[in-house]
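Peer 1: Spelled out, the chains give:
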Amino acid sequence: MSSADAVFGRSVPLARNPVAVPKQIRYRTPAVVALAFALATAGIVALASGAIPVSLADLVRNQANELHRAVLLEIRAPRVLLVGCVGAALALSGAALQGLFRNPLADPGLIGVSSGAALGASIMIVLGGGLAIASIMAPYLVPLAAIAGALLVTWFLYLFSTRYGQFSIVTIVLVGIATNALAGVGIGVLQYLSDDAGLRTLTFWMMGSFGRATWPTTTPAVLLMLLAAVPILLVARSLDLLQLGEAEALYMGVDVRRLKRSVVLSSAAAVGAGVALVGIVGFVGLVVPHLVRLAIGAGHRHLLPGAALLGATLTILADTLARTAASPAEIPVSLVTSALGAPFFLWLIARERPR
Amino acid sequence: MTLCAENVTLELGSKRVLTQASLEVVPSQVTALVGPNGAGKSSLVRLLCGEVTPGGGSVSAGGEPLERLGVREQARLRSVVSQHAAMAFDFYVDEVLAMGWIPDPADPADYDDACTEVVAQCQIGHLLGRKYKTLSGGERQCVQFARALLQIWRDACGGDVDVRYLLLDEPTANLDLGHEALVLGLARATTARNFGVLVVLHDIDMAAAFADHVVLLVDGVVAARDHRVTF
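Sequence lines, in order, name chains U and Z. Quick note: the first sequence uses our numbering, first residue 1, plus one each step. Quick note: the second sequence uses our numbering, first residue 1001, plus one each step.
Hints listed in this document are in silico derivations from the structure and should not be mistaken for laboratory results. Remember, predicted model here, so these are calculated numbers, not experimental data. Errors might be hidden in some of the hints.
Simulated coverage check for chain Z against chain U, where a stretch passes if three residues somewhere in it have a Cβ under 8 Å from a Cβ of chain U [what the hints assert, rightly or not]:
hint: 1; region: 1001-1013
hint: 2; region: 1083-1093
Taking lysine-lysine pairs in the BS3-like style, the calculated list, with each CA pair at most 30 Å apart, reads [stated by the list, open to error]:
hint: 3; chain 1: U; residue 1: K23; chain 2: Z; residue 2: K1133
hint: 4; chain 1: Z; residue 1: K1015; chain 2: U; residue 2: K260
hint: 5; chain 1: Z; residue 1: K1131; chain 2: U; residue 2: K23
hint: 6; chain 1: U; residue 1: K260; chain 2: Z; residue 2: K1131
hint: 7; chain 1: Z; residue 1: K1015; chain 2: U; residue 2: K23
Note that CB positions come from ideal geometry on N, CA and C, so glycine has one too.
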């Protein structure tokens, strides 16, 4: 289960059988490869477009002038990287949490994991100023606080769901509303408590944008997200087995407690690291895994990498749209993702409602 | 060489579910566990699966206490078909079957061959390529049974214990008469592969007709056991 083979499913081929293997199953590895190409294309498009027209070809041929070089390497490149990683992290955590809760509506934003991260980050922004910590640690502090907040919420949700039976499709959204409200109270209290400077920082942070992405802030978050993605990708087969039920997965050799721990920890870390830098980006974690499931089926060995790739692609495109549509002004990217995601969410509820 | 619960006692919350109960699953034989609702049958099965640990007494497989075996070792030793297997997401039947197969780089046994054989035996060839969610309760039961067979289909490699166990918790609950006969017949047939079979049943007549041993559980106590039932 912890081998690289298990991730891409080479170790368990599907049987050749008299009935044709379903198309979805036959085409899922090529589909994941196609998604990787789509991501590369989206990345190049995002790098090339913006307020200042810059030719990528010039840069490659080393003919770009200083300004263009700076725009590309110091402004756009970290931004595109951060956007891609946040999108991938949200979609991957969404897919993993949906698998863990065995509930198609588990989305980091909806169930309150993102607000937990936001609360953690706010606490650090407002109250952390007094901490005497070496400045080299500073870029990590807010992400770490956000991760702690996300972890707290995810763990609470999991305990709540184990204690009061598995969440029904709709209950999880209701619990999410309560969690979001509680986190909102916490952030409100912090706003009330903070001094002028703290309030200013907090307000700017809460508006959430990719606009402030620079290498020193981007690198630690990206590293954290990549690190968090590894354990999730490794438990793909275990997540598959978990779909038959917790007890059944145990009977089939899955160490269920370890699986839960690793999914809760990693998805909280991935979401927290992203939220700490860019605020809450809604619906990516909900919509993307469903799109991937519709296209290539529910098996996690393809769903997880597929969701990460598509999440990165779509978020990069949404961000490119957000910064070019009203150029040189910028629309918040969460506006774009929510405008696309909310109707999809309604459609999902209608579809998943038990009849 | 048996899967064996000895004088096990189990309390769930403040309620005592099993009292000094003993049960043995013997290789190549079918043991039926019968009793009224709430008698503790499923709890006894969960003990034998290593899902819960007994408050008193011990559970062992081939003389080795169950808690000393890892979950993966246990999974290769025994498989379980439980009563309800609902899935939130749309998996294909083919994928559900593949879930049973435990990948093992050390053993080249071919999944395709095993799957083809199990599918043929369980007569579920017509279900391949369909979504699991669209199956009827009985069809799902058959798929789960096939999946459980695949889990322990591989020859036990390494150790000298070439014994596997198949635990069926009311495998016939959703089945019509034809499929009931099919599943019980298959369970019986697996004893030829040296599988020890435990089957939880409601119907004592069926148990008597089908099993080598019958154990009657009432209120958490083994009320009667009958070796070689003959009528």
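Peer 1: Check each numbered hint from earlier against the structure, then list the numbers of those it violates in ascending order.
Peer 2: 1, 7
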